[in-house]
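Number of protein chains: 2
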Amino acid sequence: MEMKKIIIIGGSAAGAKAAAKARRLDEFAEITLVQKSPDLSMASCGYPYYVGGLFNDRNQLLCTPAGIVRDPVFFDKAKAIKALVETEVVAIDRHNKQVHCRDLKAGNELTLVYDKLIISTGARPNMPPIPGIDLDGITNLLSMADTDYLRQICDEKKVKQAVVIGGGLIGVETCEALVLSGIKVTVVEALDQVLTFLDWDLAKLVENHMRTKGVEIFTSKGVKAFVGKDGKLSGVQLADNTVINCELAVMAIGVRPNSGLGIAAGLEIGKFGGIAVNQYMQTSDPDIYAAGDCVEIPSRISGEPVFAPMGDMANLEGRVAGENAINGNSVTFPGTYHTGICKIFDFSAGSTGLSIKAAERMGLTDYQTVVNASPDKPGFMGAKLLVSKMLVSTKDQRLLGYQCVGPGDVSKQIATAAMAMLGKLTVEDLVNADLPYAPPFSLAIDHFITSAHIMQNKLKGRMTGISVTEVWDKIQSNEKPFFLDGRSPAEFAEMHLGIGEHLIPLGALRSRLAELPTDKNSEIICFCKISLRGYEAELILRAHGYTNVKVMEGGIMAWPYPRK
Amino acid sequence: MEMKKIIIIGGSAAGAKAAAKARRLDEFAEITLVQKSPDLSMASCGYPYYVGGLFNDRNQLLCTPAGIVRDPVFFDKAKAIKALVETEVVAIDRHNKQVHCRDLKAGNELTLVYDKLIISTGARPNMPPIPGIDLDGITNLLSMADTDYLRQICDEKKVKQAVVIGGGLIGVETCEALVLSGIKVTVVEALDQVLTFLDWDLAKLVENHMRTKGVEIFTSKGVKAFVGKDGKLSGVQLADNTVINCELAVMAIGVRPNSGLGIAAGLEIGKFGGIAVNQYMQTSDPDIYAAGDCVEIPSRISGEPVFAPMGDMANLEGRVAGENAINGNSVTFPGTYHTGICKIFDFSAGSTGLSIKAAERMGLTDYQTVVNASPDKPGFMGAKLLVSKMLVSTKDQRLLGYQCVGPGDVSKQIATAAMAMLGKLTVEDLVNADLPYAPPFSLAIDHFITSAHIMQNKLKGRMTGISVTEVWDKIQSNEKPFFLDGRSPAEFAEMHLGIGEHLIPLGALRSRLAELPTDKNSEIICFCKISLRGYEAELILRAHGYTNVKVMEGGIMAWPYPRK
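Chains as they are written, first to last, in our numbering: chain C, 1 to 564; chain F, 1 to 564.
One chain only, chain C, in its complex shape (with noise of 0.2 Å):
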C-alpha cells in the first residue's frame, strides 16, 4: 500500500498538533512539516515571560514537560516526522500537488509532493506605514527572534525608557516582561481604552492597576512618527505632536492571518484576510486543511466567521485538521467563544462571549447586563477583589458574555463562565449552580453564582442598576441625583467618592429617612463599598415609598474615576 504523503506548512502551535494527531492515527503515513524559522513547536504565549525574567531557560519555549527540547531530531526520533527547519515554501501548486520550498540555509530548491496538506502560516503583525518605523530599536513580540531581541535589552539593562504601541493581550503583557525589568514604560493605545476584550469600565479599572506599578498610559492617541538620530530610535511621536522619550518601541497593534501563500495558490480567503474553512477546518480545495492563526473560524454565538489568533484554538484546530487529513472529514472544529485572559501584573483580566461593546456591534438590543464586585474567598483567607460583567439574552435568559477583572482568582470565574455558555444556561440554571465550596477556593456563594443572582434581582424588577459610568456622566452633565453611600462612617473617613453623597449607614437609614429628599419621586443613587448594601438600601427606600432609586453595580470598587 502506497503511504499517505502528508505536509504541513507551518511548525508552531496548529501544524506542530496537527503532524502529532496525524501520526498518532497514521503510523506509516510520510509526514513532513516545513518551517520557516529556525525554531520549532515554540511556546509563543509564553514569550513576554521569559523577556520579563521568569525564567532564564530560554530551552523552556522549546521542549516537552519532560524537558526534551522539540527540534528536528526530537520531531525524528519521537514522532517519526521529518521537520525541514529554515525552509521556506514559496509556492503551492495545487494543480500538481506539490509545494516548493527554498532551503534558507543551503539556499537550494526542492519540491515536495502531497497527498493532503495542512497550512499553518500563523499571523503576522500590523506594520503601518509610519515614518521611521525602520529605525534600530523598534520590534515586535511575535518571534523566538523578537523574544532574543528584546531578552538581551532587558539584560543588558541599557535600555531606560519604552513605549508599547497598542493596549491589546501582547501590549500589555509585554509592558509588564518591560517593567519588571527595570525599564519606565508608556502604553499608547488609539482606542479609548487598553484589552478591548473588555468593556470600558473593567478596561479602566486595569489601567489604574498599571498606572500603580509606574506604567504611564495614552489612550485615543495615535502615533504620527518614530523620530531618531543615526538611524537609532529616540522618541515617539503622537498625533498631537508630544514626543515620547524612549530607546525602544515595541509594535502590538495586533496581527492579521499570514494567508499569502493561500492567497497566491487561489483558495477561498475570508473578509478578514484568513483562508476560508470549513467545520472540517478544509479549504476550498479539498486536499488543503488549514489551521491556527492564518484561518478564520465560526464565531459560536453569531456563527459568522471571525479572526481569533488565540493559541489555544490553534491546537484545537490544527487537531481537527491533523485527524480529518489523515481520515477524511471525520471531525469538527464549532469555533469560538472568544474567551481569553492575560494577566497584568497582579490582576488578571479575562472574558468568554460578549462585552456590551461586542453586543451593540452585533445590533443585539434584547440583553441585560449586571456588574458584580465581591472578594473571590472569605476575608480571613487572604480574599481577593473580582468585579465582573454579567451579559444575559432578555429573551431567553441565556448568558451571552462574562468578563472579569481583578486581583483575585478570575480564570476559575472565566472558565466557569465559558462552560456555562457551551451548556447554554441560563440565568435560571445559574442561580442554583453547584459549584466547589470550601474557603480557601471560594465564597460560599461563588462570586459568579452571585452575578447570577444579582441578575435575576434586576430582570425580576426587584433592582434598578445604573453603571459608573452613566453616574459619572449625570455627575458631568450637572445633574444632582440624591447619593446615598451606605456605608460606616469609618469606612467613608478612609476614602470615598466625594461626588456630594450623602452618608447614611445602612443600618441607620430606616429611623433617618427624613434626611432624603421631600419628593418621593427624587432620583436617588445608593452604593457602597460592593453595593449590596446599596441594594439592601434601594430595598428599603423602594418598601417606604421611594419611586425612582437605583443602586451604583459594583460600588466603590467598580468605580475607575478619581476618589477621595
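The set of hints was computed from the structure by calculation and includes no laboratory data.
It should be emphasised that the depicted structure is a prediction, and the values quoted were computed from it without experimental measurement.
There are no misleading hints in this set.
Here are the computed lysine to any residue pairs in the SDA-like style, where the Cα-Cα straight-line distance is at most 20 Å:
1) C:K550 with C:T450
2) F:K77 with C:E491
3) F:K77 with C:L516
4) F:K77 with C:R510
Let chain C serve as the given structure and place chain F on it in line with the hints.
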C-alpha cells in the same frame, strides 16, 4: 394590613440567609431568628483555618465582608431582624402555629407565633458510644465552642500528639490545622481510604501527600476505646488493640441531620433522617419550610433524596426557603451534584458528580473512565501537577463525574466540570471547549479538555487503558505482562516504579521492537511519567501488529504505590 410573621429556627448558614432574603422581599414582615448558641451566621467552614492559626481574629468568622460582626444588634439595625441568641426552641406547635422557646441565659420560656416557619437547625456530629468517649480531651470541630477549645489547645502548645478519627473533609482539614500548630497527628479511618468522595486511587495520592507532612494514617482501622487516666484522655485503642498515645482526639466521623424538632412535630422525615422537603424547600406542613444540613435534597444525578451537608448548598437552600416563605411557592431548589473541594496542605482534592464507587453504588455499568495526569500550566510558569478522573456515560457520552487531586489548580478544574455537568455536556462538546488560556493560568490545551481528548480516544477504541490498581493487582497475582517505560534514561535513573519494567525511550521504540515479546499477542503495558508517551508507544506497537497493548493511565504520577 397584618404583617407577616416569619420565624427561623437556627441562625447559621441557611437560617441567616433565609432571614436576609425574606427581609429583602418584605420590608415589613416580622422576622425572628431563634438561635441556640451565642453566635450568628458563623463561617463554620472556616473553623479549621482559625484553629490552624491562618488568622487570629476570631471575629473574622462572624463578620460581614465590611468587617461588621453579625450579632443581634447588626441583625436588628441592618436587617430589622430580631435575633434571639442563646435561645432554644423546645417544641413546634403546628396546630397553633407557635414555637415554644427557652431563654438559656434567663431561664424563662417564651412562645412565638408564626405565619411561616423555617427550620434550619443544621447537623450534629455522629458520636457512637465508644467506651471512654466522655474523657477530657475528646472533641469535634463543628461549633464555635469546639473551635475555641481547639484553638486554645493549639495556642497553649502543651498537646504533643492528637488522633483525628475520620478521614473525611472535616477530618483532613482538622488534621492540617493541628499539624500546622506543631502537633503530631494520627488519622484513623474505618474505611480503606480518606476522602470518600474520591476513588481509592486518587485518595491514596492525597494520603501519600499527608504522610510527607508527618501525618500518620491508619485506614481500615476501627476505634475500640478511648483510654485515659484521671478522666483525661491518654490514648486511642484500635480494634486490633494497638494504642495510639495522644492527649487530644477529634471525632470527625461525619454528621447527621439535626432534625429532632421536625420529628417531634410530626414532619415527614427522609431515609437519612433529614426533614423531607419538596422542590420549594417546603416540608410536609405547608407552613413550614426547612433548609440546610437538617434536610434531604435531591441528587441531580440519581434524582433520589440525599443528605448533603455542604455550606454552599445550605446558603442556596436558605435563599429559596426565605423567598417562598414570603412570596408563596415561587422558586425552586434543584438539588446537588455533590460538588466539593478541600485543601490538604499543598494539595487540593475535589469532585463533582459520580466517582466509580458512586456509580457502582447506583448500579451503573454503562460508563467509561479515564485518569489524566498533567501539569496545570507550562513548566516555565511554575507548573503544578493535576491528577484527575473523568467518568462519562457510554450510552450518550454525557459527563457524569469528575474528580481531581494534586498541588495544581484543582478548584478551576472542578468548577469547569461542575458547569459541564449542569449543561449536560458530552465528550463531543468538551473536546473543543473554549476555555481561557494564557501561560500563567493553564496549558494551551487545558487539563480538562485533554481529559476529554483521552476519553474520546478510549471511546473510539484508539487507546486501551488500564488503571494503576489493575496493574498492581496483576503484579500481586504474579502475572507477568511486559511493562514498557517510555521515558528517557535520565528520568528512569532519577525514579522508577521497580516492577520489572523495560526502559525503551519512545524515540527509540521503532528501532527496538525486537526487544519486545516475540508473541505479538502478549500483554504489553506502556507508561511514562504521565502516559502521553505511553499512549504514543501503544499506537506504534498496535501499528506493528501487537494486539494486546494497554496504557497505564496517568502514568507514574498517578501511581500511589511504592516506587524507587
